[in-house]
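*Asks:* Sequence:
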Amino acid sequence: EKVGKLCKNKSHDFIDGSIFNENELYITVGQFTDRAPSISNYKGMNIYYQSIRKKKVDYLTTLDYIWRWDTDWFWCSKHFGVQNKLFRFFVPKKYLNSITYFKIRVWNEKHQFIEKVGKIFGQKKTESVVQDVELPIKNCEEFIKFFHEEIGIKPVWMCPTQIINPKVKFDLYPMDSSKLYVNFGFWDVVKTNEEDGYYNKKIEKKVRTLNGKKSLYSTSFYSEDEFWKLYNEPVYKVLKKKYDTNKKFKNLYEKCVKRL
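Note that the numbering used here numbers the sequence shown so that position 44 is 44, with each residue one more than the last.
Worth double-checking, as some hints may not be accurate.
[Claimed, not checked] Quick list of in silico lysine-lysine cross-link-like pairs, DSS-like style, CA-CA up to 27 Å:
{"no.": "1", "residue 1": "K154", "residue 2": "K169"}
{"no.": "2", "residue 1": "K169", "residue 2": "K5"}
{"no.": "3", "residue 1": "K237", "residue 2": "K248"}
{"no.": "4", "residue 1": "K116", "residue 2": "K78"}
{"no.": "5", "residue 1": "K124", "residue 2": "K138"}
{"no.": "6", "residue 1": "K2", "residue 2": "K110"}
{"no.": "7", "residue 1": "K43", "residue 2": "K116"}
{"no.": "8", "residue 1": "K237", "residue 2": "K78"}
{"no.": "9", "residue 1": "K124", "residue 2": "K103"}
{"no.": "10", "residue 1": "K241", "residue 2": "K229"}
{"no.": "11", "residue 1": "K205", "residue 2": "K145"}
{"no.": "12", "residue 1": "K154", "residue 2": "K237"}
{"no.": "13", "residue 1": "K191", "residue 2": "K169"}
{"no.": "14", "residue 1": "K124", "residue 2": "K202"}
{"no.": "15", "residue 1": "K242", "residue 2": "K206"}
{"no.": "16", "residue 1": "K229", "residue 2": "K154"}
{"no.": "17", "residue 1": "K103", "residue 2": "K240"}
{"no.": "18", "residue 1": "K56", "residue 2": "K116"}
{"no.": "19", "residue 1": "K5", "residue 2": "K56"}
{"no.": "20", "residue 1": "K240", "residue 2": "K169"}
{"no.": "21", "residue 1": "K206", "residue 2": "K241"}
{"no.": "22", "residue 1": "K191", "residue 2": "K179"}
{"no.": "23", "residue 1": "K93", "residue 2": "K78"}
{"no.": "24", "residue 1": "K169", "residue 2": "K103"}
{"no.": "25", "residue 1": "K125", "residue 2": "K229"}
{"no.": "26", "residue 1": "K167", "residue 2": "K248"}
{"no.": "27", "residue 1": "K103", "residue 2": "K85"}
{"no.": "28", "residue 1": "K206", "residue 2": "K5"}
{"no.": "29", "residue 1": "K56", "residue 2": "K201"}
{"no.": "30", "residue 1": "K78", "residue 2": "K8"}
If you are wondering where the hints come from, they were derived from the structure by calculation, not from laboratory data.
These figures come from a predicted structure and were not determined experimentally.
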């Protein structure tokens, strides 16, 4: 409700939010200004997301605001140890960014290093839950309640999203231009004794039930029928026929779900 009201206020240039737990949520509104009493720096020892809980007002340059989440990959840098102040002090600033963390993550996915070490120490297996979903704002309360109870990843990022020009169509990711949506981003692992994909499937089902959409940059577990109902198979087939007549490339389902 608060996010919806803030989005109607045209004086705000930026709006996003951070959910730290069931009872702790912060909405950040930003405005351009020509003057500032001081400027914060979150490219070194200071960590941006931690400042949200401490500061009611903050000032950053426009460039630093746009890239404010990158130094710690939102909060995911915790998995690489660089939120430890002593370790962070010795890490060159040029390596504190999402490019570095992504390379490490890709290397680990290839070699399964963390998983192998975990087995040696008898740790429970984990499921990677790295997703961004969009839901109509009226359904967000139900979703986040479900998420806290069933998934439990913290923190969660949220960002209001709306199609500005109703004449512009996003046929493969259809959204109602008359509605305000909220994107929820959550990127972590969940300890589990369940089969692979258990928690991701629960999220996909809930998002679908609440008339939401899920971005396809990460793992997906939809059946083929479910997938094409959500991502507009008729329009996709027209585009596929036009630009890949000889079917040299995999289709969207094969790439995003089967990961062929």
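*Asks:* State for each hint whether it applies.
*Replies:* The hints, checked one at a time:
For the proposed pair K154 and K169, the alpha carbon gap of about 33 Å is over 27 Å, so the pair is violated. Under the criterion of a C-alpha separation no larger than 27 Å, the hint pairing K169 with K5 is consistent with the structure, at around 25 Å. At roughly 14 Å between alpha-carbon atoms, K237 and K248 fall within 27 Å of each other, so this suggested pair holds. As the CA atoms of K116 and K78 are separated by approximately 20 Å, the hinted pair is consistent with the 27 Å bound.
Pair hint K124 plus K138 does not hold up; C-alpha atoms about 37 Å apart against a cutoff of 27 Å. Between K2 and K110 the alpha-carbon distance is near 43 Å, which puts this suggested pair outside the 27 Å criterion. Distance restraint check for K43 and K116: the Cα-Cα separation of roughly 32 Å exceeds the 27 Å cut-off, and the hinted pair is therefore not satisfied. Taken as a hint, the K237 and K78 pair is broken in the structure, with Cα atoms around 42 Å apart against an allowance of 27 Å.
For the hint linking K124 to K103, the alpha-carbon distance of about 25 Å falls within 27 Å, and the restraint holds. Under the criterion of a C-alpha separation no larger than 27 Å, the hint pairing K241 with K229 is consistent with the structure, at around 19 Å. For the given pair, K205 sits about 15 Å from K145 by alpha-carbon distance, which is consistent with the 27 Å threshold. Between K154 and K237, the direct Cα distance comes to roughly 39 Å. Violation of the 27 Å bound is thereby established for this hinted pair.
Between the alpha carbons of K191 and K169 the distance comes to roughly 39 Å, so the proposed pair goes past 27 Å and is violated. For the suggested pair K124 and K202, the alpha carbons sit about 20 Å apart, so the restraint of at most 27 Å is met. With a CA separation close to 34 Å, the supplied pair K242 and K206 exceeds the 27 Å bound. The hinted pair formed by K229 and K154 fails the criterion: a straight-line CA distance of about 31 Å is larger than 27 Å.
As the CA atoms of K103 and K240 are separated by approximately 32 Å, the hinted pair breaks the 27 Å bound. Only pairs whose Cα atoms come within 27 Å are accepted, and K56 paired with K116 is rejected, the gap being roughly 43 Å. For the hint linking K5 to K56, the alpha-carbon distance of about 19 Å falls within 27 Å, and the restraint holds. At roughly 18 Å between alpha-carbon atoms, K240 and K169 fall within 27 Å of each other, so this suggested pair holds.
As the CA atoms of K206 and K241 are separated by approximately 33 Å, the hinted pair breaks the 27 Å bound. Distance hint between K191 and K179 is unfulfilled; the C-alpha atoms sit about 35 Å from each other, more than 27 Å. A distance of roughly 16 Å separates the Cα atoms of K93 and K78; the hinted pair therefore holds under the 27 Å criterion. A threshold of 27 Å between alpha carbons decides the hint, and for K169 with K103 the separation of about 34 Å lies outside it, so the pair is violated.
Between K125 and K229 the alpha-carbon distance is near 33 Å, which puts this suggested pair outside the 27 Å criterion. This hinted pair does not check out: K167 and K248 have alpha carbons roughly 32 Å apart, beyond 27 Å. Under the criterion of a C-alpha separation no larger than 27 Å, the hint pairing K103 with K85 is consistent with the structure, at around 22 Å. Under the criterion of a C-alpha separation no larger than 27 Å, the hint pairing K206 with K5 is consistent with the structure, at around 25 Å.
Among the hinted pairs, K56 with K201 is inconsistent with the structure: their alpha-carbon atoms are about 37 Å apart, more than 27 Å. Distance check on the hinted pair: K78 and K8 sit about 35 Å apart at the alpha-carbon level, beyond 27 Å; violated.
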